[in-house]
Structures are given as C-alpha cells and as structure tokens.
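Engineer: Below, each chain spelled out in residue letters.
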Amino acid sequence: MVDNDTKDVVGQGISRRQFMTGVGGAGVGMVLGGLVVKGFILPDEVLAIPASEGYLLVDTKKCSGCTTCMMACSLVHEGRSDYSLSRIQITQNPMGRFPDDIFMAQCRQCPYPPCVEACPTGANHADAENGNVRTVDPAKCIGCERCIQACPYTPSRMQWNAIDKNAQKCDLCANTPYWDEEGGPGGKQACVEMCPMHAITFTTQTPVQSTDGYEVDLRTGTSWELLGLSA
Amino acid sequence: MYWFREPVSSNRADVESIGLSDVLKSLGGVGEGMERELLFDSATWLVWSAPLVGVLAAGLSRRRDPVIEDTRILRHDMPARITHWTHGIGTMMLLISGIALGLFFTPTLVGGGEPVWTWMNVHFVFVTMFLFGTFYYGANTLISPKRFGEHLPTKNAVDYTKRHYGLLLGFKKFTFPPEAKYFESEKMAYLMAFASTVLIIITGLLKVAAHAIDMPAWILAVATPVHDISTVAMLAFFVAHVFFAAVIPVSWPVLRSMFSGYVSREYAEKDHAGWIAKIEGRPVTDDAK
Chain D
32 MVDNDTKDVV GQGISRRQFM TGVGGAGVGM VLGGLVVKGF ILPDEVLAIP
82 ASEGYLLVDT KKCSGCTTCM MACSLVHEGR SDYSLSRIQI TQNPMGRFPD
132 DIFMAQCRQC PYPPCVEACP TGANHADAEN GNVRTVDPAK CIGCERCIQA
182 CPYTPSRMQW NAIDKNAQKC DLCANTPYWD EEGGPGGKQA CVEMCPMHAI
232 TFTTQTPVQS TDGYEVDLRT GTSWELLGLS A
Chain E
1063 MYWFREPVSS NRADVESIGL SDVLKSLGGV GEGMERELLF DSATWLVWSA
1113 PLVGVLAAGL SRRRDPVIED TRILRHDMPA RITHWTHGIG TMMLLISGIA
1163 LGLFFTPTLV GGGEPVWTWM NVHFVFVTMF LFGTFYYGAN TLISPKRFGE
1213 HLPTKNAVDY TKRHYGLLLG FKKFTFPPEA KYFESEKMAY LMAFASTVLI
1263 IITGLLKVAA HAIDMPAWIL AVATPVHDIS TVAMLAFFVA HVFFAAVIPV
1313 SWPVLRSMFS GYVSREYAEK DHAGWIAKIE GRPVTDDAK
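Chains as they are written, first to last, in this note's numbering: chain D, 32 to 262; chain E, 1063 to 1351.
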C-alpha cells in the first residue's frame, strides 16, 4: 500500500497526518468531556426570566366586537390592516348570548412564559430594553412554531406571520414602525388607544395569574355604572 | 421581580443532551406522551463532533495514490469514496430537507408543527453526515495538498472544455484533449462547489450556534440569506454533477469507479490521457498541438 502523505512535517518530528490525528482526537475528547461535565458534574441551570413591566387587561363585557383593536395592532406593527397579523384576537360566537358571545384574547405576558422557554434559538425573549416585554426577534426565528404550540391558551397568543415568515406576539407596541407614538411598557399601546369602547387598559402591576386577573371590570365608575351595567 | 422555574426539556438553556439512540428515536413517530425533540436543540454536540471525527478519521486513514494494476487503474481509494458518498448523500438530503423547509415559507410545502420538526430533524442527521464527509476531505487535503491541486482548473480550462464537449456534441473539427484525472470542466465546477460548501458550512454553523448561545440578531440576519443563496448555488452544481457524472452513459465508467475504486485502463487512456501520462511519468502530448 502506497502512502505518500506522511512526509510533510509541520513541526519538529510531527507529520501533517499526526497533527490531524491529534487535532481530531483532542477535539472529539473535548466535546465528549464537555458532555460529561455538563451532564454529570454541573448542577441543573435554573432559568430566571424577569417579569414584564406591563400587561394588557380587558373587559369583555365592554367589547362590541368591532375589531378596531385588531386593525390597529396590525396597522402599527405591519403597515397593513390584516386580521391575520393582529397580535390581539377578538373571537365571536354568533350563536352565543351576552356576555359569552365575544372573547378577547390578549397576550398575558406570562411571568413564566412558555413561549420564551420553548424557543430553541432565543428569538422569543424578554426584551430588557423594553421593560422585559416578551417579544420575538424575527431575524433569529427559525420558523419551528414551538412557541405557538407552547402557548397554553386558545387561541394561541403567538401567531405565525405568514407575510414576514416568522412567529410574532404582542410586544405592548414596543416596536411599531408604522406609528409615531412611543410604545412599550412605558408608552402607549395602539389597541388601548384605539378601542372605541375603552375595553382594553394597561397596567404595570402583575395580574393575578388567572383569567380573572386579566379580564377585569372597566365599567365601574363610568357611565356604564349609571346604566346598571357594572359588575 | 424575577420568576424562577425549574428546567424544562424545551428550554434552550437547560435542555439535556441526548444520545444517539434518542436521535434515532426522535426521527420516528412520536410515542404516547413523548414530545418530539428538535435535534438541533437537544443534540447540538453531534454537530460539533462530526467535523472533528472527520479530521480524526483523516489522520487515521492511509491514502493510496492512483496506480496501474494490469488492465485497471485505481482511481478512487477508500477514503476518497467515503468522502464522496458521505458528502454527496449528505448534500442531496440537505438540499431536499432544506428546500422542503425553505418552501415552508412560500409556498407551503411542509405544514406547521410536527412536519417542520421532522424535516428539521432529517436536516440535522444529514448535517452531521455532510460535516463528517466534508471535514474528512478537508483534513485529507491539508495532509496532502497535491490532492487539492488536482481539482483546480489550469490554463487549459476553456480550451479543453470547448474541445471536450464540442466533440461530445458532434463537432468533428475538435480533437479530444488529454484530460487529467478530472476534466477541466469538472475543475471549474469544483470551484463553485467549494465556495458554496464553505459558505454553507460557515453560515450553517452560525445557525446551529444560535441553539447553544445567544447570538446577535444581525449575524443571523446575514447568515440565513447567505445560507439560502449558497444552497441555490449548491443545487445548481449538484444537478449538473449528477447529470454529467451519473446520468449520461459516457460517465458510467467513472460512476462505477466511485463504488469499486477502479476504472479500466482502456477508458482511462481514452478519456484521461493526461492522467495516464502523469502516472507513467511521460510528458503529456496533445493532438491539437
């Protein structure tokens, strides 16, 4: 068998072939050693995600189902009015009766965000520059839709943006290129501003982690109360 | 205020590494109560290992130079064949799975959810094969740079290519050039394959790294389209290569040699006169000159 490849020497007494064997062997050893260290020696990591500094609250009983909030959401984020691109969802049951005929589905900015945890690339993250609102970086999204599946609520508060080809979610209007208002937890939210029924509001206090925590009474103290329509 | 939670399997920071048996299991159906793993996320270590195993294999391999054995000539030794088929099959399956995933975006070829994860896992498996084959080749080339030189076009590239394919197309005025081990046309295509392979690997590893560390978004915003464009270039090369090296009958002797290692001396003297002359230590003669 002819082997002419062992003649070249990269250093004193070391052939190129020996050098490659060393590099490959050491590299494989390091990877496997790292696995052992990570798997058996280092303790499990604990994920710490800072709480969002803002939350949307809704009063479904005030919602008329006009979907202005959906149009506004899509418009300020995407520059087009498209229900499919809205990050807040209004669903209606034409057979239902008040107050079970309309459902407002806003992202809860969960303290334990399953969508953030599910993301394999860190595209879905707590945005430290915008009050830790849970948001998606489109450049890092690989389109696996794990976040959409991970959201425990129906409809999923994560959506697939079929135009820009990435997952998206409510960012409390932190990134609204088509709106000249300051958004995010420290600013305004288009759905809150545009809702003609004032059925959506914003709070910096972490709601009680239940449906009742996010669906509140926004009627008491308003003209609705005079009409006997408060809680 | 911070909220703490114990690690879950789907979390990128805390995902537990899994073994080969889990990788194979993940490619199959989803068992009851078992969520399908995204292998790029849970078995990232295999992506880092594959190139290193390729380098190690090159170090441990013993290469054979082409040699005339009576009526046949050793054209591809075993390492060359392993390199070719791991790189080639890897490339083919990466193109198929990558395009399936790419067309997921527009138009939809793969539905959301499970089909996407399946194709991503297929992509993962062949990424490891592709990386092994490519780094096996790369390390072999560094050990013996002359093998790299065999693939590079010479000053005869345009002239030989014109005469070679002109004759194949039936233009009688051309004479077959004394091609070396690889045709000059193959050598020019090699440059495109080489460039696209390098770009695909660099950008692909950046995309994989995003599963392990917090990558800056701008890097991925560049890596993703470069990966896609390189894939188109690789697809063009791959289709042309398969056609010219496997589909048309004149290429079948070389295709057989990619399994057996050998071509007949008769074929080599006809199609690779320059190569034979080099092996025998004779000067290359060109009928056209």
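Hints in this document: simulated from the structure, not taken from any laboratory. Be a bit skeptical, because a hint or two may be false.
[Claimed, not checked] Derived lysine to any residue pairs resembling SDA-like cross-links, with alpha carbons at most 20 Å apart:
#, chain 1, residue 1, chain 2, residue 2
1, D, Lys196, E, Ile1281
2, E, Lys1208, E, Val1178
3, D, Lys69, E, Trp1107
4, D, Lys196, E, Trp1280
5, D, Lys196, E, Trp1107
6, D, Lys196, E, Val1288
7, E, Lys1208, D, Lys69
8, D, Lys69, E, Trp1110
9, D, Lys196, E, Val1178
10, E, Lys1269, E, Val1178
Please read these numbers as outputs of a predicted model, since none were measured by experiment.
Engineer: If a hint holds in the structure, say so; if it does not, say that too.
Structural biologist: Hints, one by one, checked against the model:
1. D/Lys196 - E/Ile1281: Measuring from Cα to Cα gives roughly 18 Å; hence the hint holds.
2. E/Lys1208 - E/Val1178: Outside the cut-off at roughly 43 Å; violated.
3. D/Lys69 - E/Trp1107: Holds, at about 11 Å.
4. D/Lys196 - E/Trp1280: 17 Å, holds
5. D/Lys196 - E/Trp1107: Roughly 28 Å separates the two Cα atoms, so the pair is violated.
6. D/Lys196 - E/Val1288: 17 Å, holds
7. E/Lys1208 - D/Lys69: Not OK: E/Lys1208 and D/Lys69 at ~41 Å, beyond 20 Å, violated.
8. D/Lys69 - E/Trp1110: Distance of about 15 Å is within 20 Å: holds.
9. D/Lys196 - E/Val1178: Roughly 14 Å separates the two Cα atoms, so the pair holds.
10. E/Lys1269 - E/Val1178: Since the Cα atoms of E/Lys1269 and E/Val1178 sit roughly 16 Å apart, the hinted pair holds (cutoff 20 Å).
When each numbered hint is compared with the structure, violations occur for hints 2, 5, 7.
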